[in-house]
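**Student:** So the sequence lines, in the order shown, correspond to chains A and B.
Counted the way the numbering used here counts, the first sequence spans residues 18 to 235.
Counted the way the numbering used here counts, the second sequence spans residues 3 to 215.
Quick caveat, the hints were computed from the structure, so don't treat them as lab data.
It cannot be assumed that every hint is accurate.
[Stated by the list, open to error] Far from chain B, by Cβ distances over 10 Å, these chain A residues were calculated:
#: 1; residue: 108
#: 2; residue: 175
#: 3; residue: 205
[As the list claims (entries may be wrong)] Derived Cβ-Cβ restraints for the label pairs, each shown as a range:
#: 4; chain 1: A; residue 1: 41; chain 2: B; residue 2: 48; range: 55 to 61 Å
#: 5; chain 1: B; residue 1: 161; chain 2: A; residue 2: 198; range: 31 to 37 Å
#: 6; chain 1: B; residue 1: 135; chain 2: A; residue 2: 37; range: 36 to 42 Å
#: 7; chain 1: B; residue 1: 22; chain 2: A; residue 2: 53; range: 21 to 27 Å
#: 8; chain 1: A; residue 1: 54; chain 2: B; residue 2: 10; range: 20 to 26 Å
#: 9; chain 1: A; residue 1: 53; chain 2: B; residue 2: 10; range: 25 to 31 Å
#: 10; chain 1: A; residue 1: 64; chain 2: B; residue 2: 10; range: 20 to 26 Å
For glycine and all other residues, C-beta sits at the position ideal for the given N, C-alpha and C.
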Amino acid sequence: MNAPLPPSMQAITYEVPMDSLLPIAQSRLQRQKQYARMLERGGSRAKGVMGWLEQASHCISSLGKASIILKPIDAKPTAQGILLDQRVYLDGEDIFRKLSTGGEVTAYLLTLGFSQQQAFDLLDQDYAAHHVQSDLASEVLFALGRAAQQVLRNLYPNNRLIRVPVQSTAICGERRTWDPRRVQELLSVFDDINPGVSLTETGCFSPLNSLLGLTLRV
Amino acid sequence: MLTEEEKDIMFDAICDGEKETVVDLVTKARDAGEDLGKLLNDTMIPAMAEIGDQFSAGEVFVPEMLVAARAMQGGIDIIEPVLAETDHEPVGRVCIGSVKGDLHDIGKNLVVMMLKGAGFEVEDLGVDVPDEEFAKAVERGNQVVCLSALLTTTKPRMISAIKHLRASSNEAKIVVGGAVITQDYANLIGADAFGEDAPGAVGAVKRALGLVA
Chain A
18 MNAPLPPSMQ AITYEVPMDS LLPIAQSRLQ RQKQYARMLE RGGSRAKGVM
68 GWLEQASHCI SSLGKASIIL KPIDAKPTAQ GILLDQRVYL DGEDIFRKLS
118 TGGEVTAYLL TLGFSQQQAF DLLDQDYAAH HVQSDLASEV LFALGRAAQQ
168 VLRNLYPNNR LIRVPVQSTA ICGERRTWDP RRVQELLSVF DDINPGVSLT
218 ETGCFSPLNS LLGLTLRV
Chain B
3 MLTEEEKDIM FDAICDGEKE TVVDLVTKAR DAGEDLGKLL NDTMIPAMAE
53 IGDQFSAGEV FVPEMLVAAR AMQGGIDIIE PVLAETDHEP VGRVCIGSVK
103 GDLHDIGKNL VVMMLKGAGF EVEDLGVDVP DEEFAKAVER GNQVVCLSAL
153 LTTTKPRMIS AIKHLRASSN EAKIVVGGAV ITQDYANLIG ADAFGEDAPG
203 AVGAVKRALG LVA
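Excised from the complex, chain A in its bound form (with noise of 0.2 Å):
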């Protein structure tokens, strides 16, 4: 039998009620130039997109179930880089350097908790209404990931956090990359606690408003 984890390595869930995050990202959506834009102007457009921005808000609140799950991990400095939990490496000078002295890491596994299809399917196909909740559900999963930042800096305010995020892919091609072979290893950390969240062989979440990432606390 294996001995327990010890407090400090223990993974904590939080879920977090839709309406706490729903106002904050509706109210950011609105704020995007793209959407301020046809908002200012009025009329039967504004209209258009404040009945998508509803249908949106009822079906993210209907079918969402936002999760913040946080494991601290093992990280020790080697040769090939950092071993994170015993199973993937992960690059950086800098983050070496942090670690060497001291820091730890914390993952983190964020998910709002239902597929694109589910959304499809409760808006009547429409392809508009989609669109805005796939933007809304973006600025929620940010909204998510702020709250969860906000809860490692209650669980840590005496350490300075450094987030790290990983992605296995890039959309515009730029962004520094993990490649989704690491990714999946990272993703096992939560296999025992994981609220449904996978990734497909080639690096995509599955549902696709989910994030998964590092904060290094030093």
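Given chain A's structure and the hints, the job is docking chain B onto it.
**Tutor:** Showing chain B alone in chain A's frame:
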């Protein structure tokens, strides 16, 4: 019959997303026995093309295209049952999907809307589409296959999809697009055309079918 002025009003109403105006005018045209296929081709589809051009030029954003498409759809909902009883043919038949491993649908869905607004019949295959499903869609009568990939790791999947299609059928044209796709990449992998954005995809499909130069 609609006057020229009313047709201009309809054109502007589609561009401005004034769905009620479009519905009113199309209803008037239908009730007057007007040639609705001609109205669609001469007034409504060009209106969607105009909003598409404005989007490609950076003059309008996606929400403007969405409301225009909504207004257009309001008219199409009235026209379609009437045209279904005639021998009116769509401009072409197209299938579209995000390649295997790619779960993103946002760009693909915009293309679906713009293709429908341009008079095409569209079969949406969804996301994470296996190569063989594109080939099966061609067997169902689709003339063009549109492949979408949004990620650097999924764009190579277009190669296997194209290979599978070429092995299965010499007839279907292949159009590719997505945020990580370029004209050079489209040429490299043997696609027939490339759409740089959603309105561009409509042009690409038309070029692939030889409808425009």
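**Student:** Does each hint fit the structure? Answer for all of them.
**Tutor:** Right, here's what the structure says about each hint:
Listed as a non-interface residue, residue 108(A) keeps its Cβ farther than 10 Å from every Cβ of chain B; the least gap is roughly 18 Å. No Cβ of chain B comes within 10 Å of the Cβ of residue 175(A); the nearest lies about 39 Å off, and the non-interface call holds. With a cut of 10 Å on Cβ distances, residue 205(A) stays outside the contact zone with chain B, its closest approach being about 19 Å. Between residue 41(A) and residue 48(B) the beta carbon distance is about 41 Å. The supplied range of 55 to 61 Å is therefore violated.
Judged by the Cβ atoms, the range 31 to 37 Å given for residue 161(B) and residue 198(A) is violated: they are separated by roughly 20 Å. Taking 36 to 42 Å as the suggested C-beta distance range, the pair residue 135(B) and residue 37(A) conforms, at roughly 40 Å. Between residue 22(B) and residue 53(A), the C-beta spacing of about 24 Å keeps the proposed range 21 to 27 Å intact. Between residue 54(A) and residue 10(B) the CB atoms are about 25 Å apart, so this pair conforms to the stated range of 20 to 26 Å.
Hint check: residue 53(A) to residue 10(B), Cβ distance near 29 Å, so the stated range 25 to 31 Å holds. Under the hint 20 to 26 Å, the C-beta atoms of residue 64(A) and residue 10(B), about 23 Å apart, fit the expected range.
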